[in-house]
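Q: Letter by letter, the chains look like this.
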Amino acid sequence: SQQGEEDPQALSIQEGENATMNCSYKTSINNLQWYRQNSGRGLVHLILIRSNEREKHSGRLRVTLDTSKKSSSLLITASRAADTASYFCATGTRLQGAQKLVFGQGTRLTINP
Amino acid sequence: NAGVMQNPRHLVRRRGQEARLRCSPMKGHSHVYWYRQLPEEGLKFMVYLQKENIIDESGMPKERFSAEFPKEGPSILRIQQVVRGDSAAYFCASSGQGAYNSPLHFGNGTRLTVT
Numbered sequence: 001s002q003q004g005e006e007d008p009q010a011l012s013i014q015e016g017e018n019a020t021m022n023c024s025y026k027t028s029i030n031n032l033q034w035y036r037q038n039s040g041r042g043l044v045h046l047i048l049i050r051s052n053e054r055e056k057h058s059g060r061l062r063v064t065l066d067t068s069k070k071s072s073s074l075l076i077t078a079s080r081a082a083d084t085a086s087y088f089c090a091t092g093t094r095l096q097g098a099q100k101l102v103f104g105q106g107t108r109l110t111i112n113p
Numbered sequence: 001n002a003g004v005m006q007n008p009r010h011l012v013r014r015r016g017q018e019a020r021l022r023c024s025p026m027k028g029h030s031h032v033y034w035y036r037q038l039p040e041e042g043l044k045f046m047v048y049l050q051k052e053n054i055i056d057e058s059g060m061p062k063e064r065f066s067a068e069f070p071k072e073g074p075s076i077l078r079i080q081q082v083v084r085g086d087s088a089a090y091f092c093a094s095s096g097q098g099a100y101n102s103p104l105h106f107g108n109g110t111r112l113t114v115t
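As they're listed, the protein sequences go chains X and B.
Numbering-wise (this note's numbering), the first sequence opens with residue 1 and increments by one.
Numbering-wise (this note's numbering), the second sequence opens with residue 1 and increments by one.
Just so you know, these hints were derived from the structure itself, not from any lab.
Hints should not be assumed to be uniformly reliable.
[Stated by the list, open to error] Beta-carbon label-pair distances, calculated as ranges:
| id | chain 1 | residue 1 | chain 2 | residue 2 | range |
| --- | --- | --- | --- | --- | --- |
| 1 | X | Leu95 | B | Lys27 | 21 to 27 Å |
| 2 | X | Gly40 | B | Asn53 | 31 to 37 Å |
| 3 | X | Thr64 | B | Asn53 | 35 to 41 Å |
| 4 | B | Lys44 | X | Ser68 | 35 to 41 Å |
| 5 | B | Thr113 | X | Ser12 | 28 to 34 Å |
| 6 | B | Pro39 | X | Gln14 | 23 to 29 Å |
[What the hints assert, rightly or not] 25 Å max Cα-Cα, derived BS3-like pairs, lysine-lysine:
| id | chain 1 | residue 1 | chain 2 | residue 2 |
| --- | --- | --- | --- | --- |
| 7 | B | Lys27 | B | Lys62 |
| 8 | B | Lys62 | X | Lys70 |
| 9 | B | Lys44 | X | Lys69 |
| 10 | B | Lys44 | X | Lys26 |
| 11 | B | Lys51 | B | Lys71 |
| 12 | X | Lys56 | X | Lys70 |
| 13 | X | Lys69 | X | Lys26 |
| 14 | B | Lys44 | B | Lys62 |
| 15 | X | Lys69 | X | Lys56 |
For each residue, glycine too, the CB sits at the ideal point set by N, CA and C.
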């Protein structure tokens with residue numbers, strides 16, 4: 001069964017506004033990762049936050065992690081039309097020297113010019 | 001420095017035929033993962049392999065599906081006697097040794113259509 005549940009399923013905002021996507025999960029994790037997928041393409045890694053971290057930044061991206069609530073959020077500031085894509089959270093758990101990533105259903109983000 | 005290479009990009013098979021999907025991981029990566037994605041859905045884990053070993057195949061159907069990652073050559077996901085419900089995008093990802101806190105690197109997928 002899927003670990004991550006994302007909210008909202010779809011989000012449409014105006015260019016320049018901020019976009020916030022949320023992810024909840026059920027079990028203990030090693031890390032939580034956010035990926036982006038453009039239509040017809042593979043997933044591109046955006047940011048990884050470890051279970052002992054609470055917040056991480058990368059450019060216009062800000063990710064928070066609350067392990068007590070088993071939830072994470074991805075904030076994209078000053079959105080651009082090129083940010084239109086699907087965004088997925090994935091929970092990472094350790095598995096024999098590597099990790100198993102379980103993905104949520106994703107949020108489809110549309111940025112209107 | 002080539003990324004994860006998957007081929008073919010598109011594959012059309014009639015019901016009952018076999019589909020073979022190939023994945024070459026990033027150079028130096030010894031861990032390969034296969035995921036399946038239905039339209040408008042997230043990725044569902046199928047199988048995790050290291051060289052010559054299947055580590056976790058809990059997401060792979062017991063019948064008709066098999067995966068391998070030989071010592072030499074790409075990883076292969078094989079679907080025998082395909083049915084319409086197998087139509088999906090199949091993504092491969094790779095990671096390096098000890099990469100339990102590292103991102104996965106994904107290929108662009110193989111889109112399988114069963115007619």
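Q: Evaluate each hint against the coordinates.
A: Evaluation of the provided hints:
1. X:Leu95 x B:Lys27: 21 to 27 Å: Given range 21 to 27 Å: holds, Cβ gap about 23 Å.
2. X:Gly40 x B:Asn53: 31 to 37 Å: At 32 Å between Cβs, range holds.
3. X:Thr64 x B:Asn53: 35 to 41 Å: holds, 37 Å
4. B:Lys44 x X:Ser68: 35 to 41 Å: Given a distance of about 28 Å, which is not inside 35 to 41 Å, the answer is violated.
5. B:Thr113 x X:Ser12: 28 to 34 Å: Since B:Thr113 and X:Ser12 have Cβ atoms about 30 Å apart, the given range 28 to 34 Å holds.
6. B:Pro39 x X:Gln14: 23 to 29 Å: holds, 27 Å
7. B:Lys27 x B:Lys62: violated, 30 Å
8. B:Lys62 x X:Lys70: With Cα atoms ~32 Å apart, B:Lys62 and X:Lys70 exceed 25 Å; violated.
9. B:Lys44 x X:Lys69: This hinted pair holds, its Cα atoms lying about 24 Å apart.
10. B:Lys44 x X:Lys26: Cα-Cα ~16 Å, so holds.
11. B:Lys51 x B:Lys71: The hint holds at about 6 Å.
12. X:Lys56 x X:Lys70: holds, 16 Å
13. X:Lys69 x X:Lys26: holds, 9 Å
14. B:Lys44 x B:Lys62: With Cα atoms ~15 Å apart, B:Lys44 and B:Lys62 stay inside 25 Å; holds.
15. X:Lys69 x X:Lys56: Measuring from Cα to Cα gives roughly 17 Å; hence the hint holds.
Comparing the model with each earlier hint shows violations of hints 4, 7 and 8; every other hint is respected.
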